[in-house]
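Use the sequences and the hints to build the structure in full.
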Amino acid sequence: MRDASPAKTYALHVGVIALLFVLNFVLPDYHQGLFARIMALAVFAMGYNLLFGYVGLLSLGHAMFFSAGLYGAGLTVYHLGWGVPEAFVAGVACGALLALAIGLLALRTSGVAFMIVTMMFAQVFYLLILYFAAWTGGDQGLVIQQASRVISIGGASLDLTNSTVRYMNALALFSVVLLITLAIVRSRFGRVLVAIRENEERTKMLGYDTVANKLAAVVASGAICAASGAAYALLFGYVGSSFASVQYSILPLLWVLLGGAATTLGPLVGTLFMYYVTDIASGFTSAYLLIVGVALILLVLFFPKGILGTIRERWLGWLP
Amino acid sequence: MMPLLTTKGLSRHFGGLRAVDGVDFALMPGEIRAIIGPNGAGKTTFVSLLSGRIRPSSGMIVFDGADITGMPAYQRVRLGVAYTFQITSVFANLTAFDNVALPVQRTLTDGRSKGAVRTGVMEALARTGLADRAGTPAGQLSYGHQRLLEVAMGLALKPRLLILDEPTQGLADSEIDNFIELVHEIAKRATVLLIEHNMPVVMQLADRITVFNSGRILAEGTPEQIRANTDVQDAYLGATHG
Amino acid sequence: MHFGPHLLLAALEGLVTSAVLALTALGLSLVFGVMRVVNVAHGEFFMLGAVLAWAISTAIAGHPAIGFAAALVIAPLLVGLVALVAERLVLRRLNYNPEGTIVATIGMLYIIQQLALTFYGPEARPVEPPFSYRILLPWFGYSGYKLSVVAASAILLVITWLVLTRTKIGLIMRATQYDRETAQAFGIPVDRVYAGVFAVGTMLAAIAAVLIVPISQAHYLMGQDPLLLSFIVVIIGGLGSLRGTVVAAILIGLSDGIISMFFSPTLAKIVATLVVAMVLVFRPQGLFGTTPR
Amino acid sequence: MADKNGFFDLSKKELSRRTALKGIAAGTGLALAPGFVRYSQAQSSAPIKIGFQLHRTGIGAAYGRWYEKTSAAAVKAINDAGGIGGRKVELVIEDDGTDPARGAEVVAKFAKQHKTDIVFGTLFSHVVIGSAPAAGENKIPYFVVSEGHHVASTKLNRYVFQPGITDVKSQIQSMAPWIAANAGKKVTQIFPDFAFGYDHRDYLPPALKAQGADVIAQIAIPPTESSFTKYFPQIPAETEVIYHVMVGPAVLTFVKELGEFYGSQRPQLFGFIDSLEAVDINSPGLEFLDGSHFWEGSPRYAQPDDSAAQKAYRAAVGIDDNGAAVGDPKDVSTAAHMFGCWETLYVVKKAMEDAGYKGPEDRAKLVEATEALKEFAEGPEHPQGPKSFNGKIHQCFGIQNISKVEGGKLKVVHKTKIEDGLYEPEGDYTTQAL
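Residue numbers (this note's numbering), protein chains in the order written: chain A, 1 to 320; chain B, 1001 to 1242; chain C, 2001 to 2293; chain D, 3001 to 3434.
These are computed hints drawn from the structure, not numbers from a lab. One should not assume that every hint holds.
[What the hints assert, rightly or not] Derived lysine to any residue pairs resembling SDA-like cross-links, with alpha carbons at most 20 Å apart:
id, chain 1, residue 1, chain 2, residue 2
1, D, Lys3112, A, Lys305
2, D, Lys3155, A, Thr161
3, A, Lys305, C, Tyr2096
4, D, Lys3139, A, Ser148
5, D, Lys3139, A, Pro28
6, D, Lys3139, A, Gln145
7, D, Lys3112, A, Thr161
8, D, Lys3404, D, Ala3302
Take a look at the structure:
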């Protein structure tokens, strides 16, 4: 039940953030870097989860929101020489605006048609990046020089290429988005979103404008995914069209399903799991895709609700 | 007194089938109205038109003096037209509490404190006798309780017109008695329009009865008038035995 | 080149694309229509068909036509067999849950792709066409084999249509598609229907792949494009509508060819994709689907 | 990102981080996982570790397989001759999946986990560009064998080098005189609609213009295309030469369809062998190419005038006179590019020995030593031919081959001079801080 254990819920989330904070000092160098990447991408997964997990809208086009953030931030730095904070805001704004436009169109459909429509809009976005290669660098992409990736506030400056600064920035973004997600999920808005997922017709008959609520969710989801993309560009210094390809629309779906759809921490768990399975498997064999494939099938057979979803179902019913 | 709801020439065709065919209908505030009629008479289609789930082919619906014919369903709900489904459609995976919280939070205009939602929800659950089931997922409630939850959700909308589509279907006799009491209770604050097959329930509850047949209104009157109406008897006998 | 011949050429090319697309999409449509399973690995079964066609046709000496004919029979059967195993081991255990099967078929996609890379290799390999007759038109030459692909695809589509509409098997499939529970109640072995549909669906993709492989080589990453295009065709055509699938395939194949006459190719793809997306937005049930009510 | 206050300014805390590391890492269960093995400081006798970023999967896998074979052969040859500065060389391989994001992760993994001395390898431009920031941030020299113009454009950073293969801008420029003089003056270009194609789109027209020839049409084809016939009507009728550079698995289709379209009455054809790397030139459908010309970095087929060094190189890598794997004539190599791996590893050897390289602390010295290189003489270490190296733009320039398809083989008919491919530097990496 919703209000049974707010203290426990908040303690868990703050605990996870604290653990990630401590990990910065504990993890070996390589894993520190990998975790920064994973946290940045887990934000992408969280944005996806908001729409897929809570509203039940399966999009196959979220790469466009991620790359809207990626290019929104990357190109303003590259071509206009903007600073990091402005560029980040520009990235998020691009994602939110794109999501608003796509939402208005795509929400006229539902189910499989929604999947395909979002996939096709994402494909258009991808092709546009290639078409405007003169500005975007096309498939080769662009490098954001280290000198451009410094935040200066007053006298202090933060060099995003420094591994600890990068980690902490990724963690800050991750924490903010995690807490926002948690707040949304526990809010009245979150309850309506879940109701739409469970039975949209019924929700309408309770007096809710479900289309407006879904649109709000699409925009929130798009903005969060764009935040992830913007952070990725600024933290790791590369923008390229491969991030807009259909593969990057499938990845967040995969991470969310693995971690557990409609769980706040599932996206992190799923991203972490997938990254480490790939990383470890590739250390043993060049055929690591095989291991990833088998792992996916075993997971879905034995943990159909994802890792956290299954844990919630079997043991910890209070997990948000 | 001005009617709460009127329809003029309301029609809905599905292909060649005239499910609702030129219905003129009026409902006075505070009354309990039952709609009866043989299967396929167009009762559910008619109330679906009223609630906005289906768009009319032609005709007009006026609620409280305003034309709501083209208004989307959710806005009608906000005006006070609540609809409970014939087939139970509570949110099975949500708790009874959350099911009721959805309508409660929407009608709350005062403050944003959680306490207000909680109070409203528990009140609605208490009125339907489900207070002790608040934490149970709706899908795990017994069928009768799910029907009651459905009513609780309708109540929580604080409707001015509550449309109940076969509310007693599948209820045990003891539950039906409670239900009749509940509807009387509701009627103190709202107008009730119910589709019902169970004639004893209709006779006990309804102030007036409207009889549908083949998409049209066949007769309308008090329970006594309807009981005495030969057309109604023919229609029922013809439809059920023919 | 003048407009007329250019248009003719674009149309011919479009027809070949359509022919292969129609078969592949039909397979996807059957699986989705009857089983409600989104088979993300559909493109990989297509690829498997092409790779097997290469293996079979190179293993058989003699005139290329013999090897090709063998491939046309054996490759789809092997693919169907693989699909049957996958259906039994994975999809059935998931009880065809829509989300679960998406993840599972993504897993299959990785597995099939990796196995192809390991055992077949990263190279693109050609299969010799059964015959190489070049049709000489006044303005340009055209591959006779390509036209035969269109014919073969048309014949296969007609056969599928006959099976679906005129036979008991078709009736059973349609009944299962319409309502799984009721079909079960009427004694239809739904399990076996599902297994059969999944196998046949992938076999259609495999046949399409064998037909195309003498034109465009077998490669372990060749499955992605047909997958995306098939999805689009299935949705545009309207779910479960054979006629819609074929018409949509022709529409998409032809438009792909003809739009490229007027725009730069990448822009053409952008325009074509947007148009199709807009059709879906404003007619979500597809061109031939009906609104469920 | 949202929180920009001093709280997260931990850049100065590196020291405490390391202390914490030593204290905690050993004690945690994490230390058991394979990735978490602690490496001790390299001793002088320990092998030099070269992180090999490889296209094992993804679209570049056909190239990757031969890059691996060539590099293994070069490392064996180097080790047999005593290694680098007396230390053995060891390749540590990670797959980049031909994906820029994974590429960057792999570079970080080499730098931080495998603790390799340098990173080496990879072909596809987007992977190189995507990985370059990681190399710069980790201050680890990154030697690529990509042939892209990205390194020489000076848009990457000081840690990225391409000393083993000529960049594409130079290649194109040095083809122009021969095309104008021998093939024809009216050229139609067909190229993929992405970066690799844009190099050809942008650099060929001025180069031809300088030779009195013209590009009369440019046809860009989307990378996802698998059928090409519909584009051929755009080729102007007066075309004398079709200049084609297609890459990816669809190239065979491209050539076959061009053949079906034109039959025997075709314009001259000039192509970059990139189209047909790892593909047997005698594959069904390619008969059409007979008599046409190709650019080759290093010739696929053994030539009558091959140097002893070239012969030794071919034997070491294990390719026969037809450029296929010894013992498997169907397994055709990527000969025109993979020599770059061999030569790059020898450049690394030379630079490390010049720098007196001891370990990762000498990486900056290695960068400077590499930048100081000027010329590579033809020989066992540079079997493809002599090269000059521009330390300011980190790019080498070598001779190019133009080969004619004759009787199912590629016969070299022209070798360019190094000077043909030189151009004005677009920048200077040496001004960047190390």
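Hint by hint, here is what the structure shows:
no. : hint                  : result
1   : D:Lys3112 - A:Lys305  : violated, 35 Å
2   : D:Lys3155 - A:Thr161  : holds, 17 Å
3   : A:Lys305 - C:Tyr2096  : holds, 14 Å
4   : D:Lys3139 - A:Ser148  : holds, 17 Å
5   : D:Lys3139 - A:Pro28   : holds, 18 Å
6   : D:Lys3139 - A:Gln145  : holds, 14 Å
7   : D:Lys3112 - A:Thr161  : holds, 14 Å
8   : D:Lys3404 - D:Ala3302 : holds, 13 Å
Hint 1 alone, counting from the list given before, is not met by this structure.
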